[in-house]
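Listed here are the chains, written in short residue letters.
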Amino acid sequence: MIRKMLAIFLLSLPAMGLAQESIESVMARMKPDIAVQIAYQETRYMGLFDDDWRGSGYLYAQMPDVMLKQQLQPEVEIMAAQGSQLTYAKPATQTFHQLQIDESNPMMASLAAFKGIMTGNLVYLRQLYDLKFTHSESSWTLEMTAKDHEENEAPIIIIMQGLNQKAANKMAVILPDGDRSTYKLSQPQQGAAVKAKLAALLQSLNGH
Amino acid sequence: MRPSLASLFFFLGLPLLIAIAVFTTHIQTNISAFVIAGDNAEEILLASEIQSGTLSRRYILSIDAGEGKQVSKVFIQAWLSQLQAILGVVDVWATDEKRGALGALASLYAQHGAQLYSRTPEQTLAEILTQPALAKRAAGLKQALLSPQGRMIKKIAVQDPLLLSLNGFKNLATQFKNQHNRPTQYANFILETQMSGMDVPAQRQIQAQIKATFAEQNNLTAQAYQLSMTGVPLFAVATQSMMEADIKFVSLISTVALTLLFLFIFRSFRVMFWVFSLLMTVMAVAVIVTNLIFGSVHGMTIAIGSTLVGVCIDYPIHVLVHAQGMEYVQRVKIIKKIFPSLLMGAITTLIGYVALGLSGYPGFQQVAVYTGTGIIVSLILTRYLFPKLMTVEAKVVTPFWFIAFWPAFCQRYRWGLIGAVLVLSVAGVVQLDRLQWMQDLQQLTPELDYLKVQDKKIRERLVSMEPGRFVLVSGDSVEQMLQRAEQVYLRLDKVKQAGDLEDYFGLYPWLLSQQQQLKNQQTLLADLTGETREFWRNALQSQGLSVARLGDLDYTQSETLTAQQVLQSPVAKLISNQMILADQHNLLLIWLTSHKPEALQAALSGMPHVQYFSQRDMLNRMAVDYQQRAQITLLAGLTLITLLLWIRYKSILLTLQTLSPAFLAALLILALWAWTGEAISFLHLVGFLLAVAICVDYGIFYQENRSGHLVLTYQAMAASMMTSALVFGCLIFAQTSMLQTLAKVVSSGVVLGFLLCPILIRPKQE
Numbered sequence: 001m002i003r004k005m006l007a008i009f010l011l012s013l014p015a016m017g018l019a020q021e022s023i024e025s026v027m028a029r030m031k032p033d034i035a036v037q038i039a040y041q042e043t044r045y046m047g048l049f050d051d052d053w054r055g056s057g058y059l060y061a062q063m064p065d066v067m068l069k070q071q072l073q074p075e076v077e078i079m080a081a082q083g084s085q086l087t088y089a090k091p092a093t094q095t096f097h098q099l100q101i102d103e104s105n106p107m108m109a110s111l112a113a114f115k116g117i118m119t120g121n122l123v124y125l126r127q128l129y130d131l132k133f134t135h136s137e138s139s140w141t142l143e144m145t146a147k148d149h150e151e152n153e154a155p156i157i158i159i160m161q162g163l164n165q166k167a168a169n170k171m172a173v174i175l176p177d178g179d180r181s182t183y184k185l186s187q188p189q190q191g192a193a194v195k196a197k198l199a200a201l202l203q204s205l206n207g208h
Numbered sequence: 001m002r003p004s005l006a007s008l009f010f011f012l013g014l015p016l017l018i019a020i021a022v023f024t025t026h027i028q029t030n031i032s033a034f035v036i037a038g039d040n041a042e043e044i045l046l047a048s049e050i051q052s053g054t055l056s057r058r059y060i061l062s063i064d065a066g067e068g069k070q071v072s073k074v075f076i077q078a079w080l081s082q083l084q085a086i087l088g089v090v091d092v093w094a095t096d097e098k099r100g101a102l103g104a105l106a107s108l109y110a111q112h113g114a115q116l117y118s119r120t121p122e123q124t125l126a127e128i129l130t131q132p133a134l135a136k137r138a139a140g141l142k143q144a145l146l147s148p149q150g151r152m153i154k155k156i157a158v159q160d161p162l163l164l165s166l167n168g169f170k171n172l173a174t175q176f177k178n179q180h181n182r183p184t185q186y187a188n189f190i191l192e193t194q195m196s197g198m199d200v201p202a203q204r205q206i207q208a209q210i211k212a213t214f215a216e217q218n219n220l221t222a223q224a225y226q227l228s229m230t231g232v233p234l235f236a237v238a239t240q241s242m243m244e245a246d247i248k249f250v251s252l253i254s255t256v257a258l259t260l261l262f263l264f265i266f267r268s269f270r271v272m273f274w275v276f277s278l279l280m281t282v283m284a285v286a287v288i289v290t291n292l293i294f295g296s297v298h299g300m301t302i303a304i305g306s307t308l309v310g311v312c313i314d315y316p317i318h319v320l321v322h323a324q325g326m327e328y329v330q331r332v333k334i335i336k337k338i339f340p341s342l343l344m345g346a347i348t349t350l351i352g353y354v355a356l357g358l359s360g361y362p363g364f365q366q367v368a369v370y371t372g373t374g375i376i377v378s379l380i381l382t383r384y385l386f387p388k389l390m391t392v393e394a395k396v397v398t399p400f401w402f403i404a405f406w407p408a409f410c411q412r413y414r415w416g417l418i419g420a421v422l423v424l425s426v427a428g429v430v431q432l433d434r435l436q437w438m439q440d441l442q443q444l445t446p447e448l449d450y451l452k453v454q455d456k457k458i459r460e461r462l463v464s465m466e467p468g469r470f471v472l473v474s475g476d477s478v479e480q481m482l483q484r485a486e487q488v489y490l491r492l493d494k495v496k497q498a499g500d501l502e503d504y505f506g507l508y509p510w511l512l513s514q515q516q517q518l519k520n521q522q523t524l525l526a527d528l529t530g531e532t533r534e535f536w537r538n539a540l541q542s543q544g545l546s547v548a549r550l551g552d553l554d555y556t557q558s559e560t561l562t563a564q565q566v567l568q569s570p571v572a573k574l575i576s577n578q579m580i581l582a583d584q585h586n587l588l589l590i591w592l593t594s595h596k597p598e599a600l601q602a603a604l605s606g607m608p609h610v611q612y613f614s615q616r617d618m619l620n621r622m623a624v625d626y627q628q629r630a631q632i633t634l635l636a637g638l639t640l641i642t643l644l645l646w647i648r649y650k651s652i653l654l655t656l657q658t659l660s661p662a663f664l665a666a667l668l669i670l671a672l673w674a675w676t677g678e679a680i681s682f683l684h685l686v687g688f689l690l691a692v693a694i695c696v697d698y699g700i701f702y703q704e705n706r707s708g709h710l711v712l713t714y715q716a717m718a719a720s721m722m723t724s725a726l727v728f729g730c731l732i733f734a735q736t737s738m739l740q741t742l743a744k745v746v747s748s749g750v751v752l753g754f755l756l757c758p759i760l761i762r763p764k765q766e
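Sequences listed follow chains A and B, in order.
At position 116 of the first sequence (counting the first as 1) the number is 116 in the working numbering, and the numbers step up by one without a gap.
At position 89 of the second sequence (counting the first as 1) the number is 89 in the working numbering, and the numbers step up by one without a gap.
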C-alpha cells in the first residue's frame, strides 16, 4: 500500500511543481480575463531610413477579438483591429482609414499576429503561422513563421519571448526584405479600468 | 370503306416526316437572338459581348448576414473553395478584393510612374515639383512607410521615389470611398464562368451548384445567411425556363382544348384523326422548312407558331362542314366550288404573316416563314389530299341554334344593328386620340421584374454605377480607342464640374494611351531640373529618409505600359468588363454614376466614335422602330388585301363590305385599348394585323358563300372562329406577357369579326 502511494506521488510530481512552459500555458497566460493593457517601446530598422525609428505607447486587447495600438511617441496614432476590420487614425495629419484585415496579405500578417497573441487565440495563430516553441530554464521563445507568402520572398517571422511563468516581454517582427521591428513590452495591467479606457479609445476612433 | 392508296401512303409517310422534323431540327432558345439586334457596328459588337463576352459570363453573388452582423471569414473561405471547384467556374473573387491590384501597384505600375501619373502632366507637375510640395511629399512618404501598408510603399518607392505611380490611384481611392458606403452585413463576390451566359443548360447547372454549396455551408456552419444572385446568366436561365414552361404548357393545353372543341363540334374521333393528321403534317413541314432556311428554329417561333393550328384548321373545317358524308365525286365537286374562297382567305392571311415578318422584330421573320409555309401546305393538302382521307361514314352535324339564329336575327334587324355598330364605331374613333404607345420595351417583360428588382438591390450594395448606361468609345486600334477616351475624360470632367455627373470610371489610372504616356514622361524629365532634384534630396534628409536610396530620381525607363500587360495582370479582373478588344474594332465602356443624360449627350456631341449609350434607350429606340415599321407594314398589308379583293370583286362596295367586319373589329379593339388606357406596343399591332387577316377570311367566306348554303358557311366560320379563338386564347395562360398580348388581341378580334359579318355583309344566297 505504501509502495503504491509512493508510486502515485512520484508520478504526479511533474503536475504538481515541476510544470514546464508550453505554448498552451503561455497562450493561456496571454489571454486577458477582461481586458489587458501593455506598454511598448518599438524600434524599427528600415532600409529606407537613415536612422532607426523609435516609437512608444500602449497595446490593448479585449476578448474575443479586439486589439488596439495607441502610439503616443513620436506622434499620436491609433490603430485598432476589431473582428476583420482595421481602423487607423492619425490626428495630426487628420488621416483616417478603414479597411478589411486580410490575414493572407503579408502586409497585414503582423497585425493579425498581434491580435492573435494579445487575445491568446492559439487556434487563430496556428491557421496563419507555423509555430515553434522553445524554452530554457528561465525563458521561453515562440517563433511564428507565416504560412502564406509570395513565392520569391521569404516569409514574415515573428518572435515572441518572455520569462518563465510570465507574459511576453519582447517581440520582434522580421520582414522578408530585411526590415524589422522590435518591441519591448512592460507593465501589463488588467481589469475593468483598462476595459473602460479601451472602450473610450475605440469610441473616439469609431466616432472619428 | 377501304382507304384510298393516297391516304394509305399519307398515313405511312406521316411518322417518317415527323421523325425528320424531330431529328434534323436544331431548336434554339436564346431569347436575345429573338428580340435584340444592333443597328451599327458598335451595337452589334456590344450585343455579341452581352451574349457571349466577359460581361455575360459573370454573376454577382451577394451574401446577407443580417442587420448588424458580418459574414464569417471561415464561411467565405470554405464556400469560395467549393465554388472554385464547380465545373465551368473560371474564378471567384470578392468585389472589394484589392490584394491582386495592390500587388500590381508594386510589381507593374511602380516602374511606369513617370508615364501614368496624370492625364494633364503640366498641371500636375506644377503642383508636385515645388519646394514645399516636395517637402510635403517626403513627409507623406515617411508616413506611408511607417503605416500598415509600409511594405508595399517600400517596394514602390525604390522604383518610384516620388510615388508618382500612386498619383492617379489617389483619385480612384477617393472615388471608391465616396461610392463605397455599403453596409458591412453584405459580402459580395464576382463569379466568372467559362461558358457564355446564354449557354442556358450549363448555366442552369452552375446556378444549382452555387445554391447547393451555399446551403451546405449554411448548414455546416449553422448560419442563416441569405444568398442573392444577379447577372446575365441568371436572366437568360429565367427567361428560357419561362419560355420552355410556356411552350410545354401552351402546347398541352391548346391540344387538349382543341381536341375537346373538335369532338364537341364534329362528334367524331375519325374526323378528328383526319384533321389532326393533316395538321401534324403541316407543322412538321413548317418546322423542316424553317430549319432549312434559318439553320435552326427558335422555341418562341414554335410557341407563337402553335397558333398556326388555329389558322390552318380553318380550311379542312370548311371542307368538313360542306362535304361531310358525301360521296367522293360530290365531295370533290363541292370542295372545288368553295376552294376559291379558301384560296383568297389564305392569300390575305399570308399577307398578314408576311407583313409580320417585315415588322423588323428579328424572331418574327422566322414566325412568318413558319406560319406562311404552314398555310400553303395546309391549303394544298385540304384541296388535294383531304378529299381522299374523308369517307362517307362521317356524321353530318346539325348546326347549333346560334348559327341559324344570328344571321337571321341580323337580317331582320339589320339597319338597327348597323346603326348600333356605327354609333360604337364613331365612339371608337373619338377614343382613338387617347391611344398610348408603349415607350419602354422593358414593360414587355414584367414577369422578369423580380429579377430586375433583385439586380438593383444587389448593385446598390456595390458601387452605385448605372449598369445600363455608359459612354461607348470605339477605335480601330487599342491606341486609337485610348486616345479618344482621353478626350472623353476631359469632357466628362467638365460635366462633373457643372454638377451634371456625379462621377465616372474610365480606364485611367489603369491605362493611358502610348501617346499620353510618352508625353507624361517627356514633360516630367524636362521639369526634373537640378534644382528640383536638390529640393527633393533636402526634403528626404529632413525626414530622416535615405538619400542614397531615394534621392536619385531616375525616371528614364522607356517602355510604356500596354493594354496586354494590364490584361495579363491581376488588374484584369477589375477592368476586363470595360474593354472589348477585337481585331478591327475595339470598344471601351466608361461607367457612369448618377448623371443627367441630356448634359452628357450634349457634352459628347460632335465626337466621332463616341456615344452615350443607354441599354434601355437602345431597346426603346428599337421599340419605336418596330412600332413605326409595324404601322407601315400594317397599312401596306391592309392596302394589299383591299387591292386583291377589289381586283377579285371588281366592285369597291363589295370590297369594303367584305373588309368591314375586319376593319370594324380592329377599330373596336383599338378603341378599347384607348378607353382602358392600355399602352400599345408593336406587338399589339402585330396581333392586330393577324386578327384583321383572319377576319378578312370570314368576310370573304360570308360574302362569297360559295356553297350557297349560308347556315353551313356560317357554321364553318363558327368552327374556324372557335378554334382560332381557342388556340390563340390558350396563350393567355403563358407566363410570357408577349404571348398574353397576342392572345388578347387575336381572340377578341376573331370573335368580333365573326359576329360582325352577318350584320355588315349581305351574302349571296342560292
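Some hints here could point you the wrong way.
From the derived model, a few chain A residues whose C-beta atoms are all more than 12 Å from chain B [stated by the list, open to error]: (1) W53; (2) L86; (3) Y88; (4) K90; (5) L99; (6) K132; (7) A196; (8) L205.
A few chain A residues that face chain B, going by a derived Cβ cut-off under 7 Å, partial list only [stated by the list, open to error]: (9) E42; (10) Y45; (11) S84; (12) L163.
These are calculated hints, taken from the structure and not from any lab test.
Glycine included, C-beta positions come from ideal geometry on N, C-alpha and C.
Hint by hint, which ones does this structure get wrong, listed from lowest number up? Violated hints (numbers, rising): 1, 2, 3, 4, 5, 9, 10, 12; every other hint is consistent with the structure.
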